[in-house]
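Chemist: Sequence:
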Amino acid sequence: PTIGHLLADSSSAGLANALAPFVAVAHRHRLPFRLTEINTASCQGQPGVSDTFASALWSLNTMFNLARRGVDGVNFHMLPGSHYELFSPSQTPSGGWQAVVHPVYYGLDLFAQAFPVGARLVTVTAPSGPTKLWATQAGDGTLRVTLINQDPAAEHDVQVQIPNSTTPGNLETLTAPSISSTGGVALGGQSFGSQTSTGTLPGSPTTTPVTPVTGSYTVPLPAASAALLTIPGGAGGTALVRHRSPR
345 PTIGHLLADS
355 SSAGLANALA
365 PFVAVAHRHR
375 LPFRLTEINT
385 ASCQGQPGVS
395 DTFASALWSL
405 NTMFNLARRG
415 VDGVNFHMLP
425 GSHYELFSPS
435 QTPSGGWQAV
445 VHPVYYGLDL
455 FAQAFPVGAR
465 LVTVTAPSGP
475 TKLWATQAGD
485 GTLRVTLINQ
495 DPAAEHDVQV
505 QIPNSTTPGN
515 LETLTAPSIS
525 STGGVALGGQ
535 SFGSQTSTGT
545 LPGSPTTTPV
555 TPVTGSYTVP
565 LPAASAALLT
575 IPGGAGGTAL
585 VRHRSPR
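Here the working numbering is used: the first residue of the sequence shown is 345, the next is one more, and so on.
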């Protein structure tokens, strides 16, 4: 296991594609399909891979790939003391509980925001490469576009084109010092810090307004980062994406 292998398409889209025939069998029998154990690497994970920010980008992209193939639910495996724990709980002297939250959890937190209950995947058109694009639309019309830059070294400015859209959006980012960082992760400018006793981020996320120009939203996507562009109800059409040259 390496970070490069973890972020390869075979570890996300390839995994989901391999499950597609089994999902189809379950659905033909009107049964849900749940992937009951998944994480970055088997046998307690790999240090320097499973515990890094790369795992957050992988979990976010992989969850979308699984959803696209019709997977109805996913259980992430958490062996205590392993390298792929989502969070590591411990008991305090007073008898309470606290936990260290690891990078992979941040990716799943962003996925939960990007694909809320009742939303549906929207067809997107995007070129191949290290930048991944996903979109969902909720019942109230709110469009949520998730962008993932798996390039560890270069920023990719992205143009998200939604024909005829004039509605300003809000951008929330998922960042870390580097793709190999095991700490310093921030979602919407917030962090769980060294320990959390609540399991929730401390406040409201910091977002940046993005105003479209002739239906095009320009999103600067730093190296090894992800972002969620939320466009309130009313936006429609197929999302397209164009890349500018990496900086």
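No wet-lab data here; the hints were simulated from the structure.
Small disclaimer: the values here were computed from a predicted structure and weren't measured.
A hint or two may mislead.
Unchecked claim - Here are the computed distance ranges between Cβ atoms for each label pair:
1. G537 - I382: 24 to 30 angstroms
2. G358 - P566: 37 to 43 angstroms
3. I382 - S472: 22 to 28 angstroms
All C-beta atoms, glycine included, are put in the ideal place defined by N, C-alpha and C.
Chemist: Failing hints, ascending?
Modeler: Those not satisfied come down to hint 2.
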